[in-house]
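Asker: Modelling step: build the complete structure from the supplied sequences, incorporating the hints.
With my numbering, letter number 61 in the sequence shown gets 61, and the count goes up by one each step, no holes.
Hints listed in this document are in silico derivations from the structure and should not be mistaken for laboratory results. Please note that the accuracy of each hint is not assured.
What the hints assert, rightly or not - Derived BS3-like pairs: lysine-lysine, alpha-carbon spacing no greater than 27 Å straight-line:
1) K157 / K134
2) K93 / K12
3) K134 / K168
4) K168 / K93
5) K157 / K93
6) K143 / K93
7) K12 / K33
8) K143 / K12
9) K168 / K157
10) K12 / K35
11) K35 / K143
12) K143 / K168
13) K134 / K93
14) K33 / K143
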Amino acid sequence: MNSVFFSTPEQKVLRLLLSEPTTSFSSRVISSKLKGVRGLGGTDGILRILGELEIAGLVDFVDNRRSVRLRDDCSPVRVLKTFLAICDLEGLKALLEPLSSKGILFGSRASGTSRSDSDYDMFVVSDQPEEIRKVVSRHPLGKMIELLVWTPDDYEKIEERDGALVQKLSRGIVLWGSSW
Numbered sequence: 001m002n003s004v005f006f007s008t009p010e011q012k013v014l015r016l017l018l019s020e021p022t023t024s025f026s027s028r029v030i031s032s033k034l035k036g037v038r039g040l041g042g043t044d045g046i047l048r049i050l051g052e053l054e055i056a057g058l059v060d061f062v063d064n065r066r067s068v069r070l071r072d073d074c075s076p077v078r079v080l081k082t083f084l085a086i087c088d089l090e091g092l093k094a095l096l097e098p099l100s101s102k103g104i105l106f107g108s109r110a111s112g113t114s115r116s117d118s119d120y121d122m123f124v125v126s127d128q129p130e131e132i133r134k135v136v137s138r139h140p141l142g143k144m145i146e147l148l149v150w151t152p153d154d155y156e157k158i159e160e161r162d163g164a165l166v167q168k169l170s171r172g173i174v175l176w177g178s179s180w
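Answerer: Here's what the structure looks like:
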């Protein structure tokens with residue numbers, strides 16, 4: 001999905017800002033982080049893109065317009081952060097889906113309230129919990145994933161075992177498997 005939805009220079013700038021939503025960036029830092037992206041147009045091009053994002057209400061300039069930061073209080077930003085989290089987990093989903101019956105993203109990444117240092121809360125139902133943990137630990141995002149793996153038998157009794165978790169999962173996003 002990344003190659004489809006985050007392919008233009010504008011989308012790549014937005015993706016960077018969404019990936020670190022509570023961080024302020026100067027145009028120079030953005031240029032450095034996106035080095036090699038064709039069509040950015042250097043600092044002037046980045047400032048043009050940031051101006052367009054400001055007009056759209058997605059970013060605010062700070063520090064006397066020397067830096068820019070995502071508008072975390074904006075509904076479209078929350079939706080885009082959730083969408084980015086789903087895109088980020090696309091590769092991991094492809095690895096885990098054959099080994100499991102369900103995968104749910106929950107917590108701040110699912111609700112669009114994540115911060116730059118937020119982890120990815122994932123719940124997976126599988127007969128192979130150790131294999132799931134191994135796959136996640138080897139994934140590039142592995143250190144940022146807070147993983148809960150339950151067996152199908154345990155999952156059947158989830159409401160009686162952990163009502164608070166049921167509430168969190170019900171507000172999450174089912175990445176694969178049947179929904180509730």
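Asker: Hint by hint, note whether the structure agrees.
Answerer: So, going through the hints one by one against the coordinates:
The suggested pairing of K157 with K134 holds, with an alpha-carbon distance near 25 Å, which does not exceed 27 Å. With a CA separation close to 22 Å, the supplied pair K93 and K12 stays within the 27 Å bound. For the suggested pair K134 and K168, the alpha carbons sit about 24 Å apart, so the restraint of at most 27 Å is met. Of the pairs offered as hints, the one joining K168 and K93 holds, with about 20 Å between alpha carbons and a cut-off of 27 Å not exceeded.
Distance check on the hinted pair: K157 and K93 sit about 24 Å apart at the alpha-carbon level, within 27 Å; holds. Proposed proximity of K143 and K93 is supported: the alpha carbons are some 16 Å apart, at most 27 Å. Distance restraint check for K12 and K33: the Cα-Cα separation of roughly 10 Å lies within the 27 Å cut-off, and the hinted pair is therefore satisfied. With a CA separation close to 23 Å, the supplied pair K143 and K12 stays within the 27 Å bound.
For the suggested pair K168 and K157, the alpha carbons sit about 16 Å apart, so the restraint of at most 27 Å is met. The suggested pairing of K12 with K35 holds, with an alpha-carbon distance near 11 Å, which does not exceed 27 Å. The hinted pair formed by K35 and K143 meets the criterion: a straight-line CA distance of about 25 Å does not exceed 27 Å. A C-alpha spacing of about 21 Å is found between K143 and K168, which places the hinted pair at or below 27 Å, so the restraint holds.
At most 27 Å may separate the alpha-carbon atoms for a hinted pair to count; K134 and K93 meet this at roughly 14 Å. Distance restraint check for K33 and K143: the Cα-Cα separation of roughly 21 Å lies within the 27 Å cut-off, and the hinted pair is therefore satisfied.
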